[in-house]
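Enquirer: Residues per chain, in single letters:
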Amino acid sequence: MPAEIYLNVAISGLLTGLVYGLMALGLSVIFGVVRVVNFAHGEMMTIAMYLAVFLFAAFKLDPLLMLVPISMALFALGYAMQAGLINPFINRPEHSQFILLVAVAIIMVNVLLIVYGPDAKSVQTTYSFDSFQIGPFIVDATKAYAGAAAIAVALALFAFFRFSRIGKAIRACADCYTGALVVGLDVKRLYALTFGIGAACVGAAGSIMVILVDVTPPLGPAYTLLAFVIVIVGGLGSMPGALLGGVLIGLTEALAGLFFTPSAKSMFAFGILVLVLLFRPQGIVGKKQT
Amino acid sequence: MTRFLGGISRRDWMLMLAVLTTFLAAPWFANDYLLTVLILILYYAYTGQAWNIMMGFAGQLSLGHALYVGLGAYATAALYVHFGIGPWAGLPAAILIAMACGAVIGFLAFRFGVAGVYFAILTIAFAEFARIGFDHFRWVGGSAGFFLPVANYAESDLLNLRGKPVMFYYVMLALTVAAFILCHFLLKSRIGYCWQAIREDEEAARALGVNTFRYKMYAVVISAGMTSVAGMFYAFFYNNLFPEQVFSIGRSIEIILGPIIGGVGTLFGPIVGAFVLTALAESLSDVMLVLGVDVPGVKQVFYGICLLLVVVLLPNGIWPPLCKALGLDRNPDDKRGG
Chain R
44 MPAEIYLNVA
54 ISGLLTGLVY
64 GLMALGLSVI
74 FGVVRVVNFA
84 HGEMMTIAMY
94 LAVFLFAAFK
104 LDPLLMLVPI
114 SMALFALGYA
124 MQAGLINPFI
134 NRPEHSQFIL
144 LVAVAIIMVN
154 VLLIVYGPDA
164 KSVQTTYSFD
174 SFQIGPFIVD
184 ATKAYAGAAA
194 IAVALALFAF
204 FRFSRIGKAI
214 RACADCYTGA
224 LVVGLDVKRL
234 YALTFGIGAA
244 CVGAAGSIMV
254 ILVDVTPPLG
264 PAYTLLAFVI
274 VIVGGLGSMP
284 GALLGGVLIG
294 LTEALAGLFF
304 TPSAKSMFAF
314 GILVLVLLFR
324 PQGIVGKKQT
Chain F
139 MTRFLGGISR
149 RDWMLMLAVL
159 TTFLAAPWFA
169 NDYLLTVLIL
179 ILYYAYTGQA
189 WNIMMGFAGQ
199 LSLGHALYVG
209 LGAYATAALY
219 VHFGIGPWAG
229 LPAAILIAMA
239 CGAVIGFLAF
249 RFGVAGVYFA
259 ILTIAFAEFA
269 RIGFDHFRWV
279 GGSAGFFLPV
289 ANYAESDLLN
299 LRGKPVMFYY
309 VMLALTVAAF
319 ILCHFLLKSR
329 IGYCWQAIRE
339 DEEAARALGV
349 NTFRYKMYAV
359 VISAGMTSVA
369 GMFYAFFYNN
379 LFPEQVFSIG
389 RSIEIILGPI
399 IGGVGTLFGP
409 IVGAFVLTAL
419 AESLSDVMLV
429 LGVDVPGVKQ
439 VFYGICLLLV
449 VVLLPNGIWP
459 PLCKALGLDR
469 NPDDKRGG
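Keeping their order, the protein sequence lines are chains R and F. Position one of the first sequence corresponds to residue 44 (our numbering), numbered consecutively onward. Position one of the second sequence corresponds to residue 139 (our numbering), numbered consecutively onward.
It should be emphasised that the hints constitute simulated quantities derived from the structure, not laboratory data. Where hints are given, some of them may not hold.
[As the list claims (entries may be wrong)] Taking lysine-lysine pairs in the DSBU-like style, the calculated list, with each CA pair at most 35 Å apart, reads:
no., chain 1, residue 1, chain 2, residue 2
1, F, Lys437, F, Lys326
2, R, Lys211, R, Lys231
3, F, Lys462, F, Lys437
4, F, Lys437, R, Lys164
5, F, Lys437, R, Lys103
6, R, Lys308, R, Lys103
7, R, Lys164, R, Lys211
8, F, Lys462, F, Lys302
9, F, Lys302, R, Lys308
10, R, Lys231, F, Lys462
11, F, Lys437, R, Lys231
12, R, Lys231, R, Lys103
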């Protein structure tokens, strides 16, 4: 095989990985601040994907243009989940939170199954089969747009946490819960906002992902696992880490699919996870917890 | 002996005896369908009990117990199909394999200080790793599945675990009772007290001279070994094994739900939880059938809602409040905080 094939596959894996990273970014933000592991993360991703499929099928609206409204819808969902369900569970043991979110995930998967059925749904945009030729490399148009959109959303999120007042307040909550209470921050509301922002991230990732892959209800649990792998590899709670982890896992999956069989690709992702957990539990970028 | 049997009042003995007698007599009253449901309840009670050793007693959250079920199932089934070694003879090998696997996971995790959520996700990772690995493991059928020879058995062959549901029912009942007794003794022994100390406060336990690494290892290894026995049962009861089903995270969650809904860290919690959840799932199926609803997913949505309600309304599970209502809460080993 010529070397260009490897590079082409690597580029496509990298671009898909950016979307993975954006999805995992949502999980990382939620865990970093609220300290709750969102076991319904992938299910929320599939909700966003189905929203995009619905909008496309009904009104011919391009998923990439619908990124903002879908993110807003998911923000509302996330805010409501945190304010209504998860806030009372903040001080409960981990297994209790786990069952709560598993129950939410079961409901989400099966509501989607009832509404849309078990068949795969996809979106055929006008640029679905386009590609760009850059020097010797061929890049799918969908993947290029997806990667660019993922980077744009991630940058917006970084800017929000860095510069906005609310973003700073949320970081204060993450750094010191008691301190945030002392200076008079409404921590419960900020938690709800954080969960909403994490969900909006997933919403954006979902509306981008739908131009790359077909969506079925069982995709939800698979994406939940993938998001876990990525954030732990990158560093749970670290935002650049989530993106980096996403790119790494995207690359690994693409290359493993090329060198071995595509069905074994997630084995390599889990292999990396095990290695990272053993030798660098705080993740590639994450700081050691004290 | 009196130390282990102490703290159980006459009334509690009577109640336990009544429950056991009901289960022993059940096959005379139950039809085949009900018997299968009872087998499922006992199966989840058993696996829940095994999982409870890790989470309920020692405080280590494992989300990958399907791994040990799968290893037990594949090991005994492969020995039976390829070498003609009966399930009971193959069982020690299966238990050893599962224990070794649990020991590896425990050793790696506890040595490197992987704890809490990270440990839970490490256990998922190993189970998923095994799932995909067995998908490509040709010797035991790979993703196409591994099948045990099935025939109509006129008589039950306990030695080879071939026969009618009644035999499987009594085997599972015996396993569940054995697991219950084992857990009772573990909880009352030195090892059990060390586990509970680790669960409540690991730093404090270490300060008091408890070798926390060693006791956490005991918990993983014992739990893994016990769970693999359920794997043997699974293989010989269903006669078919698919990696996608046996090792899936859904299976791990099913194992965990019972003890959490019933009451983590209690001896009766896993049994009550298994009973409630299985009965709930089966009665939902019946209700859907009566209402004529034939849409896939409706049943699971109701199941999810019920789960949500239980976990929101009963933070400690069903057993502790039920225990109080029955006036049984003098029993000291069924108390659990946090």
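Enquirer: Taking the hints in turn, state whether each one holds.
Expert: Tested hints:
{"no.": "1", "hint": "Lys437/F x Lys326/F", "in the structure": "40 Å, violated"}
{"no.": "2", "hint": "Lys211/R x Lys231/R", "in the structure": "15 Å, holds"}
{"no.": "3", "hint": "Lys462/F x Lys437/F", "in the structure": "31 Å, holds"}
{"no.": "4", "hint": "Lys437/F x Lys164/R", "in the structure": "23 Å, holds"}
{"no.": "5", "hint": "Lys437/F x Lys103/R", "in the structure": "33 Å, holds"}
{"no.": "6", "hint": "Lys308/R x Lys103/R", "in the structure": "34 Å, holds"}
{"no.": "7", "hint": "Lys164/R x Lys211/R", "in the structure": "40 Å, violated"}
{"no.": "8", "hint": "Lys462/F x Lys302/F", "in the structure": "39 Å, violated"}
{"no.": "9", "hint": "Lys302/F x Lys308/R", "in the structure": "41 Å, violated"}
{"no.": "10", "hint": "Lys231/R x Lys462/F", "in the structure": "33 Å, holds"}
{"no.": "11", "hint": "Lys437/F x Lys231/R", "in the structure": "34 Å, holds"}
{"no.": "12", "hint": "Lys231/R x Lys103/R", "in the structure": "39 Å, violated"}
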